[in-house]
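Student: Let's have the full structure, built from the sequences with the hints guiding it.
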Amino acid sequence: MTQHNDQQAQRKAAMAVLAQAEAGEIAARLRNFALPDHQDLRTPENGLVMLRGRAGGDGAPFNLGEATVSRAAVRLASGEVGFGYTLGRDGEKARLIALCDALVQSRDFGGAVERDVIAPLREQLMTRRTQAAAETAATKVDFYTMVRGEG
Amino acid sequence: MYVAVKGGERAIENAHRLLAHRRRGDQSVPEVTLDQISEQLGLAVDRVMSEGSLYDRELASLAIKQARGDLIEAIFLVRAFRATMPRFGASEPVDTGAMRVQRRVSSTFKDIPGGQILGPTFDYTHRLLDPSLARGFVPEAPATTEASTALTPRVTDILGRDGLIESSPQAEDGAGVGDLTREPLNFPADRDLRLQNLARGDEGFLLAMGYSTQRGYGRNHPFAGEIRFGEVEVEFVAEDAGFAVPLGSIELTECQMVNQFKGSATEAPCFTRGYGLAFGQSERKTMSMALVDRALRARELGEEVRAPAQDEEFVMSHSDNVQATGFVEHLKLPHYVDFQSELGLLRKLRQEFADAQAPDAMKEAAE
Chain A
57 MTQHNDQQAQ RKAAMAVLAQ AEAGEIAARL RNFALPDHQD LRTPENGLVM LRGRAGGDGA
117 PFNLGEATVS RAAVRLASGE VGFGYTLGRD GEKARLIALC DALVQSRDFG GAVERDVIAP
177 LREQLMTRRT QAAAETAATK VDFYTMVRGE G
Chain B
3 MYVAVKGGER AIENAHRLLA HRRRGDQSVP EVTLDQISEQ LGLAVDRVMS EGSLYDRELA
63 SLAIKQARGD LIEAIFLVRA FRATMPRFGA SEPVDTGAMR VQRRVSSTFK DIPGGQILGP
123 TFDYTHRLLD PSLARGFVPE APATTEASTA LTPRVTDILG RDGLIESSPQ AEDGAGVGDL
183 TREPLNFPAD RDLRLQNLAR GDEGFLLAMG YSTQRGYGRN HPFAGEIRFG EVEVEFVAED
243 AGFAVPLGSI ELTECQMVNQ FKGSATEAPC FTRGYGLAFG QSERKTMSMA LVDRALRARE
303 LGEEVRAPAQ DEEFVMSHSD NVQATGFVEH LKLPHYVDFQ SELGLLRKLR QEFADAQAPD
363 AMKEAAE
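So the protein sequences, as listed, match chains A and B.
Just so we're on the same page, our numbering is the position in the first sequence counted from 1, plus 56.
Just so we're on the same page, our numbering is the position in the second sequence counted from 1, plus 2.
Hint data in this document are derived by calculation from the structure and do not stem from the laboratory.
Note that CB positions come from ideal geometry on N, CA and C, so glycine has one too.
Treat the hints with caution; some may be incorrect.
[Stated by the list, open to error] Examples of chain B residues toward chain A, derived with CB under 10 Å:
no., residue
1, V103
2, R196
3, R275
4, E315
[Unchecked claim] Straight-line alpha carbon distances no greater than 35 Å define the calculated DSBU-like cross-link-like pairs of lysine-lysine that follow:
no., chain 1, residue 1, chain 2, residue 2
5, B, K334, B, K67
6, B, K334, B, K350
7, B, K350, A, K196
8, B, K264, B, K112
9, A, K196, B, K264
10, A, K196, A, K68
[Claimed, not checked] Per label pair, the in silico range of CB-to-CB distance:
no., chain 1, residue 1, chain 2, residue 2, range
11, B, G10, A, A84, 50 to 60 Å
12, A, F89, B, S169, 48 to 58 Å
13, B, K112, A, R171, 42 to 52 Å
14, B, T147, A, F89, 36 to 46 Å
15, B, T146, A, A84, 27 to 37 Å
16, B, K112, A, D172, 43 to 53 Å
Tutor: The following block contains the structure:
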């Protein structure tokens, strides 16, 4: 069970990085990769997901509005099935995420896909986020309350 | 009543052809691209996503272009598009407490954990037109400072720890989440439906309603406890994968209004609250939404419902600009049959009036 949870956490972490990347960036990383045989289990499909918030931020859920989502599923010849979900309508990106998710689960390719695809994309994402956070931090203010004079 | 009429096909076709030409404008001026709209008219895109109730920057940009910048027309186009797509399901509720904050201000506490962060804001600008933008403008690179790793808890969570503010009502076990895109609206409506209605409601309408509460029509003594804007992660429980898969992140604005306190014989007095949440950077919208959300809680908080902003049927029935524009603008469509019958009736009444006057007139003439 723990092993199952570990693998699920690893798949989620990879998906979280891949969902933030462009299809072209994922494809470029996979180009240097000796891909095993695989087939589409679900050809890319576009649809909607209703996004939910919570009243007060932490209360009962409510429907905020929908978002476009693309999804796909890919099976490796060795049997691993990967799922790809991403905001937007880029079916090719969903397919590439599904392929990566299948590779992450593979004993033969899991390490290599993490090293050559996920890790560099994660680093790129972190660099972007650090830059954005630094720009935000420069706008942090201290409001001084003027002290009223005595008497 | 609108009655279908025949004819005019050629005129309609030519009118649409003329519209396409006018939309393009002077062809010696470069055509605007969707990227330009998304990047440089970002707040218009945010509004179309919020009120179109569909998070997709590219589609919202396309709608703005197609609508020649008429945002309500663009919202209409986005709503019509969403009706053509299948729905995969609903996301896990987003966690705004874990937002990667780009802006976060509180008007209630100057020293909040994580600090006051202005971010990209019009606040404190002088609202003077800037001629340099008319010429082509290359902005300076943003200033940077090393970001602190401190968390930015919601201000209402901090107040909540001391019991100074009411806690957010939690969902009852097994309670579904109301969806007004799926079921017809009935009154009284629960808060989940009210918040959904307000989240897609017209910004101008909500602004006016929120303003009316400040001017005394359902006053609820608000403070902007916190306004935050930034990115949150979205997760979706995918049945095929068997767990909550990350979909990526979206930008949201959240407003927590802290309002007049209330207590009773059994409960210690505490602040009450109103809530606003919308796609993108939409501060005016979320502040207005939070004011109106609080006003609409009058019934549950035992307040007398006297003002329009407290009347949920009034607010929720008139907040949707696609419905509103549909009904107002349908007056433009041919009503010839209706009008002919009204005209016939009016002529008859006028004749009766004239006939009734006639004997008097003759009498006057005789005197």
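Student: The structure should be examined with respect to each hint, and the outcome stated for every one.
Tutor: Each hint, compared with the structure:
no. : hint                           : verdict
1   : V103                           : holds (7 Å)
2   : R196                           : holds (8 Å)
3   : R275                           : holds (6 Å)
4   : E315                           : violated (19 Å)
5   : B:K334 with B:K67              : holds (24 Å)
6   : B:K334 with B:K350             : holds (26 Å)
7   : B:K350 with A:K196             : violated (73 Å)
8   : B:K264 with B:K112             : holds (24 Å)
9   : A:K196 with B:K264             : holds (34 Å)
10  : A:K196 with A:K68              : holds (33 Å)
11  : B:G10 with A:A84: 50 to 60 Å   : holds (54 Å)
12  : A:F89 with B:S169: 48 to 58 Å  : holds (50 Å)
13  : B:K112 with A:R171: 42 to 52 Å : holds (47 Å)
14  : B:T147 with A:F89: 36 to 46 Å  : holds (39 Å)
15  : B:T146 with A:A84: 27 to 37 Å  : holds (28 Å)
16  : B:K112 with A:D172: 43 to 53 Å : holds (49 Å)
Checked against the numbered hints listed earlier, the structure breaks hints 4 and 7; every other hint is satisfied.
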